Amino acid sequence: MNLKGIGASAGYGIGKAFIIKEFTPPSSRTITDSKAEIERFDLAVKRANNELEAIYTSKKESLGDENAAIFQAHLAMLNDPELYNGITSHIKNKKECAEYATKVISEQYYDMFSAMEDDYFRERALDIKDITMRLMKILTGLATTLEFDPSEPVVIIARDLTPSDTASLKAEFTAGIITEIGGVTSHSAIIARTLGIPAVMGLKDAISQIPSDSLMTINGSTGEVVVNPDEDCIKAIRIQIEEAKVEKKLLEEYKDKSSTSKDGHSIEIASNIASTDDLPFVIENGSDGVGLFRSEFIYMNRTSAPSEDEQYQIYKKVLSGLDGKPVVIRTLDAGGDKEIPYLNIPKEMNPFLGYRAIRYCLDHKDLFKAQIRALLRASRHGKLRIMFPMISSLEELRLAKNIVETCKIELQSENQLYDKNIEVGIMIEIPSAAIISDILAKEVDFFSIGTNDLIQYSVAVDRMNEQIRHLYSPYHPALIRLIKTVIDNGHDAGIWVGMCGAVAGNEKMIPLLLHLGLDEFSMSPSAVLKARKIISELPRVNDNFVKKLLSASTAEEVENLLS
Amino acid sequence: MREVIIKNQTGLHARPASQLVMECKKFTSEITLTRGENTANAKSIMSIMAMAIMGGDKISVSAEGSDADAAVESIATFLESLED
Numbered sequence: 023m024n025l026k027g028i029g030a031s032a033g034y035g036i037g038k039a040f041i042i043k044e045f046t047p048p049s050s051r052t053i054t055d056s057k058a059e060i061e062r063f064d065l066a067v068k069r070a071n072n073e074l075e076a077i078y079t080s081k082k083e084s085l086g087d088e089n090a091a092i093f094q095a096h097l098a099m100l101n102d103p104e105l106y107n108g109i110t111s112h113i114k115n116k117k118e119c120a121e122y123a124t125k126v127i128s129e130q131y132y133d134m135f136s137a138m139e140d141d142y143f144r145e146r147a148l149d150i151k152d153i154t155m156r157l158m159k160i161l162t163g164l165a166t167t168l169e170f171d172p173s174e175p176v177v178i179i180a181r182d183l184t185p186s187d188t189a190s191l192k193a194e195f196t197a198g199i200i201t202e203i204g205g206v207t208s209h210s211a212i213i214a215r216t217l218g219i220p221a222v223m224g225l226k227d228a229i230s231q232i233p234s235d236s237l238m239t240i241n242g243s244t245g246e247v248v249v250n251p252d253e254d255c256i257k258a259i260r261i262q263i264e265e266a267k268v269e270k271k272l273l274e275e276y277k278d279k280s281s282t283s284k285d286g287h288s289i290e291i292a293s294n295i296a297s298t299d300d301l302p303f304v305i306e307n308g309s310d311g312v313g314l315f316r317s318e319f320i321y322m323n324r325t326s327a328p329s330e331d332e333q334y335q336i337y338k339k340v341l342s343g344l345d346g347k348p349v350v351i352r353t354l355d356a357g358g359d360k361e362i363p364y365l366n367i368p369k370e371m372n373p374f375l376g377y378r379a380i381r382y383c384l385d386h387k388d389l390f391k392a393q394i395r396a397l398l399r400a401s402r403h404g405k406l407r408i409m410f411p412m413i414s415s416l417e418e419l420r421l422a423k424n425i426v427e428t429c430k431i432e433l434q435s436e437n438q439l440y441d442k443n444i445e446v447g448i449m450i451e452i453p454s455a456a457i458i459s460d461i462l463a464k465e466v467d468f469f470s471i472g473t474n475d476l477i478q479y480s481v482a483v484d485r486m487n488e489q490i491r492h493l494y495s496p497y498h499p500a501l502i503r504l505i506k507t508v509i510d511n512g513h514d515a516g517i518w519v520g521m522c523g524a525v526a527g528n529e530k531m532i533p534l535l536l537h538l539g540l541d542e543f544s545m546s547p548s549a550v551l552k553a554r555k556i557i558s559e560l561p562r563v564n565d566n567f568v569k570k571l572l573s574a575s576t577a578e579e580v581e582n583l584l585s
Numbered sequence: 018m019r020e021v022i023i024k025n026q027t028g029l030h031a032r033p034a035s036q037l038v039m040e041c042k043k044f045t046s047e048i049t050l051t052r053g054e055n056t057a058n059a060k061s062i063m064s065i066m067a068m069a070i071m072g073g074d075k076i077s078v079s080a081e082g083s084d085a086d087a088a089v090e091s092i093a094t095f096l097e098s099l100e101d
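As given, the protein sequences belong to chains Y and F, one line each in that order.
Residue numbers for the first sequence follow this note's numbering, so the first one is 23 and each next one is one higher.
Residue numbers for the second sequence follow this note's numbering, so the first one is 18 and each next one is one higher.
Hints were generated in silico from the structure; no laboratory data involved.
Nothing here was measured: the structure is a model prediction, and the numbers come from that model.
Using N, Cα and C, we set each Cβ at its ideal position, and we do this for glycine too.
It cannot be assumed that every hint is accurate.
Stated by the list, open to error - Lysine to aspartate or glutamate pairs mimicking EDC-like chemistry, simulated, CA-CA at most 20 Å apart:
| hint | chain 1 | residue 1 | chain 2 | residue 2 |
| --- | --- | --- | --- | --- |
| 1 | Y | Lys339 | F | Glu100 |
| 2 | Y | Lys423 | Y | Glu559 |
| 3 | Y | Lys114 | Y | Asp64 |
| 4 | F | Lys43 | Y | Glu578 |
| 5 | Y | Lys391 | Y | Glu432 |
| 6 | Y | Lys506 | Y | Glu427 |
| 7 | Y | Lys338 | F | Glu20 |
| 8 | Y | Lys226 | Y | Glu44 |
| 9 | Y | Lys339 | F | Asp101 |
| 10 | F | Lys24 | Y | Asp140 |
| 11 | F | Lys24 | Y | Glu332 |
| 12 | F | Lys42 | Y | Glu75 |
| 13 | Y | Lys405 | Y | Glu488 |
| 14 | Y | Lys555 | Y | Glu269 |
| 15 | F | Lys75 | Y | Glu559 |
| 16 | Y | Lys338 | F | Glu100 |
| 17 | Y | Lys442 | Y | Glu427 |
| 18 | Y | Lys552 | Y | Glu264 |
| 19 | Y | Lys405 | Y | Asp460 |
| 20 | F | Lys24 | Y | Glu427 |
| 21 | Y | Lys81 | Y | Asp152 |
| 22 | Y | Lys277 | Y | Glu529 |
| 23 | Y | Lys271 | Y | Glu559 |
| 24 | F | Lys42 | Y | Asp467 |
| 25 | Y | Lys192 | Y | Glu330 |
| 26 | Y | Lys405 | Y | Glu361 |
| 27 | Y | Lys338 | Y | Asp87 |
| 28 | Y | Lys530 | Y | Glu290 |
| 29 | Y | Lys26 | Y | Glu269 |
| 30 | F | Lys75 | Y | Glu269 |
| 31 | Y | Lys81 | Y | Asp299 |
| 32 | Y | Lys442 | Y | Asp345 |
| 33 | F | Lys75 | F | Glu20 |
| 34 | Y | Lys159 | Y | Glu139 |
| 35 | Y | Lys405 | Y | Glu264 |
| 36 | Y | Lys423 | Y | Glu465 |
Stated by the list, open to error - Here are the in silico distance ranges between beta carbons for each label pair:
| hint | chain 1 | residue 1 | chain 2 | residue 2 | range |
| --- | --- | --- | --- | --- | --- |
| 37 | Y | Lys68 | F | Ser83 | 37 to 47 Å |
| 38 | F | Gly53 | Y | Asp87 | 51 to 61 Å |
| 39 | F | Glu81 | Y | Phe195 | 29 to 39 Å |
| 40 | F | Gly53 | Y | Gln434 | 35 to 45 Å |
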């Protein structure tokens, strides 16, 4: 059986289907032997303990004590005597099954915490949900992510993966990830790219179509999935996997090298990240910095916005973790396909053309100021650069910069320290901004071209729409011209120009971007070393090549010239 | 019974609360935290966190059982030593 979804994280994988079934809340079931039911519950707690301890130990190793502390708290919650008594008394007195008793009691705690005044304690409602969900899954025989057989690689299939699912993924045993919903920008896709796991997203009905345990292959570039592949298919994929392994080994020598073109120009090759969990991958792959920290993920999967202090701690961690290397943090980019329920962004006909990112933030000054203040305060712990998303005009840029200035004055009067030379820049992802980039360049310290949105806005193509997806091409001559315009205008004004969209890590495009003069490339950590190799083998200046490319009239011509 | 004032700003958030539970489990006595009219079983992280104890709060520690005195002493000292 051949299936096709959206290629969301490049690479080839082969393994058995491991299906994570959607969790449905258990319903009540009457039991007769409450003693036996409590024993069943005890066993579930024991198993949940083993799973959580495994997560805690591995997190402690990869992220340190401080970051793993929350899993220790999860363990304490799981073994909480009040929770235990509540559930076991319910089983005894109401004669209802353990999973339902867990649901009833955990909801009482969830509601109690959700109603608390303090942001921090209110957030703990999600921790309660996380641990009791694990218990209910175990009790109802649903798989939790920790159960793969380590001796055998698996392809994980889920409707969508939660952050807690992805936190327990083990890259070495995960041959691939398939989800029914989501696309290249969803949380699961970003995690997959960071971990270097092939992923296919938006494969509708994957769970109902793919039988559990069937052997399958996955191609994370094309989105192709084969269930029960024949010998030839398996052989072909195995060759690809081997080649990728050999290449990865060869690339290791670039880890400690500087990012320099053949003619001696220094280039910055940075990583895109979504949380502090990604820091080890940034370091492991020898990135020159972080070119895009997607701060919206700090706001997701919770019931209220993170406070200034909470954000400060996170930004500080990222900056300290990078040890003086530059870190570009993009301010809240909510809306579009990134839903954050408590922000109450109304449902729109065209969310990508709607109330999102900087547009929303400029209307919600308290929310925006909390973030800017946290960023400024964190700036003294490293080399921070602040970046605004979705700027379409000079007016918006000025409003956003005014807020930064206001926050600086506030902090000064509170005697709080911040980096006075902090760079402030913008994403260039809307055609209007690219076209007036000569004007914008005079009032910012840098540009970072966001190609995913820039392409979709330039050619008016929703990249999730299958009928027209072929029109979405990074090789469209209009895009090449826009990129050139932005780089030239930036350089004329004396600022640096980077790129943090998918195109920056596209091996075919890297030579052209280098020749166009791009100063900074930011991509998934797993793509950094390959980019460094490509750049080190090419001169930065190659006017003939650029001239030829600019005279190409179709996307096909451009792509052929780059191949 | 002993009264303590919580010094760290963030109070008994998840990490110190889970450490407190571990401290309490060293004793067989039942240990109770009281703030005004609220009380919490100090061996239960849920009931501790449900009290939302913040920096500056005055808490009394009491215990009942064979090792009650030692428990109160040890837990009060633990709470006093909390830092952000």
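Tell me if the straight-line CA distance from Lys338 (chain Y) to Glu100 (chain F) falls inside 20 Å. 19 Å, holds
Given hint Glu488 (chain Y) paired with Lys405 (chain Y) - CA-CA distance at most 20 Å: 41 Å, violated
20 Å limit on alpha-carbon distance, applied to hinted pair Lys423 (chain Y) and Glu559 (chain Y): 39 Å, violated
At the C-beta level, are Gly53 (chain F) and Asp87 (chain Y) separated by a distance inside 51 to 61 Å? At roughly 34 Å between Cβ atoms, Asp87 (chain Y) and Gly53 (chain F) fall outside 51 to 61 Å, so the hint is violated.
Can the restraint linking Lys81 (chain Y) and Asp299 (chain Y) be considered satisfied, given a maximum Cα separation of 20 Å? It holds: about 9 Å lies between the C-alpha atoms, which stays within 20 Å.
Do the alpha carbons of Lys339 (chain Y) and Asp101 (chain F) lie within 20 Å of each other, as the hint requires? 16 Å, holds
Given the hint that Lys405 (chain Y) pairs with Asp460 (chain Y), test it: the Cα-Cα distance must not exceed 20 Å. Violated, at about 26 Å.
Agreement of Lys159 (chain Y) and Glu139 (chain Y) with the hint, judged by alpha carbon distance not exceeding 20 Å: 30 Å, violated
Is it true that the CA of Lys75 (chain F) sits at most 20 Å from the CA of Glu20 (chain F)? Holds. Lys75 (chain F) to Glu20 (chain F) sits at ~7 Å (cutoff 20 Å).
Just to be careful, I want the Cα atoms of Lys42 (chain F) and Asp467 (chain Y) compared with a cutoff of 20 Å; is the pair within it? Violated. Lys42 (chain F) to Asp467 (chain Y) sits at ~55 Å, over the 20 Å cutoff.
Taken at face value, is the distance from the CA of Glu559 (chain Y) to the CA of Lys271 (chain Y) at most 20 Å? 18 Å, holds
Does the structure keep Lys338 (chain Y) and Asp87 (chain Y) at a Cα separation of 20 Å or less? 16 Å, holds
Violated hints for the displayed structure, listed by number in ascending order: 2, 4, 6, 7, 13, 15, 19, 20, 24, 25, 26, 29, 30, 34, 35, 37, 38 and 39.
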